[in-house]
Structure formats: structure tokens, C-alpha cells
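K.L.:
Sequence:
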Amino acid sequence: MASGQNKIPAKMTAIAISEPGGPRVLKPETRDVPVPGPGEILIRVRAAGINRPDVQQRKGVYPPPPGASDLPGLEASGEVAALGDEISRWRVGDRVCALTPGGGYAEYVKVHA
1 MASGQNKIPA KMTAIAISEP GGPRVLKPET RDVPVPGPGE ILIRVRAAGI NRPDVQQRKG
61 VYPPPPGASD LPGLEASGEV AALGDEISRW RVGDRVCALT PGGGYAEYVK VHA
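Residue numbers in the sequence shown follow my numbering, run continuously in steps of one, and reach 113 at the last position.
For the record, the hints were derived by calculation from the structure and aren't laboratory data.
Just so you know, these numbers come straight off a predicted model, no measurement behind them.
Glycine included, each C-beta is placed from N, C-alpha and C at the ideal position.
A hint or two may mislead.
As the list claims (entries may be wrong) - Using 30 Å as the maximum straight-line C-alpha spacing, the simulated DSS-like pairs for lysine-lysine come out as follows:
no., residue 1, residue 2
1, K59, K27
2, K11, K27
3, K7, K27
4, K59, K11
As the list claims (entries may be wrong) - Simulated restraints on C-beta separations:
no., residue 1, residue 2, range
5, R91, G37, 34 to 42 Å
6, P20, S88, 19 to 27 Å
7, V61, R89, 33 to 41 Å
8, E19, G93, 36 to 44 Å
9, W90, Q56, 17 to 25 Å
10, G37, L99, 16 to 24 Å
Take the sequences, apply the hints, and build the full model.
P.N.:
Below, the structure is given as C-alpha cells:
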């Protein structure tokens with residue numbers, strides 16, 4: 001990661017899908033905080049949207065894309081918490097929103113900048 005990072009914990013709480021089903025299958029889990037790579041930023045999530053693909057994923061009829069997080073959450077907003085290498089447009093603390101391939105139902109999510 002690039003310099004100038006906030007103090008970021010090693011672990012976070014995320015909402016995972018324990019099995020296909022209704023809203024009761026969404027369960028809190030402890031996960032590693034993702035580390036942004038080149039061209040990525042880490043967002044400290046303050047809000048996440050619920051949309052049809054998230055519901056379909058929870059029901060087990062819409063799998064995450066290959067290589068995407070198994071966590072639901074395709075929309076997230078918050079502040080930039082860390083920068084991967086090769087990032088010049090964003091600064092730690094900037095307010096952002098993002099469409100993600102998954103992982104927005106967590107305290108932190110990494111996205112392509």
C-alpha cells in the first residue's frame with residue numbers, strides 16, 4: 001500500500017450468507033480486512049445498498065462473479081481508508097461511493113479506483 005494510511009485493523013465484521021434463503025441467513029462474521037493492490041482503494045464503509053442482485057445472491061440463484069468476494073453488497077459508500085500503489089486521484093479521507101463486484105456488506109471493501 002502507498003504511504004499515508006489510516007490505522008486500519010487486521011480484522012473486520014462482515015455480513016455473510018450462511019446458506020441460501022431469506023434475510024435470516026445473513027450472519028455477521030469476522031474477516032480479514034482486504035488489502036488494496038495497485039490501482040485499488042480501500043473504503044471504510046458507512047452505508048451499503050440493497051439491490052436485486054444482492055437479494056438473488058442471498059437466495060442462492062445469483063452467484064458472485066469469478067474472483068469476486070463471496071460477501072454480498074454491490075453498492076457501498078464511505079471514506080477512502082487506504083490507497084494501493086499507482087493511485088493519484090484519491091486521498092485518504094475522501095468521501096466516495098462505489099459499485100463493487102461484491103463485499104460491500106462489511107466494514108471495509110476494496111475496489112478498483
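K.L.:
Of the numbered hints stated previously, which ones are contradicted by the structure, given in increasing order?
P.N.:
Numbers 5, 6 and 9 - these are the hints that the structure violates, sorted from lowest upward.
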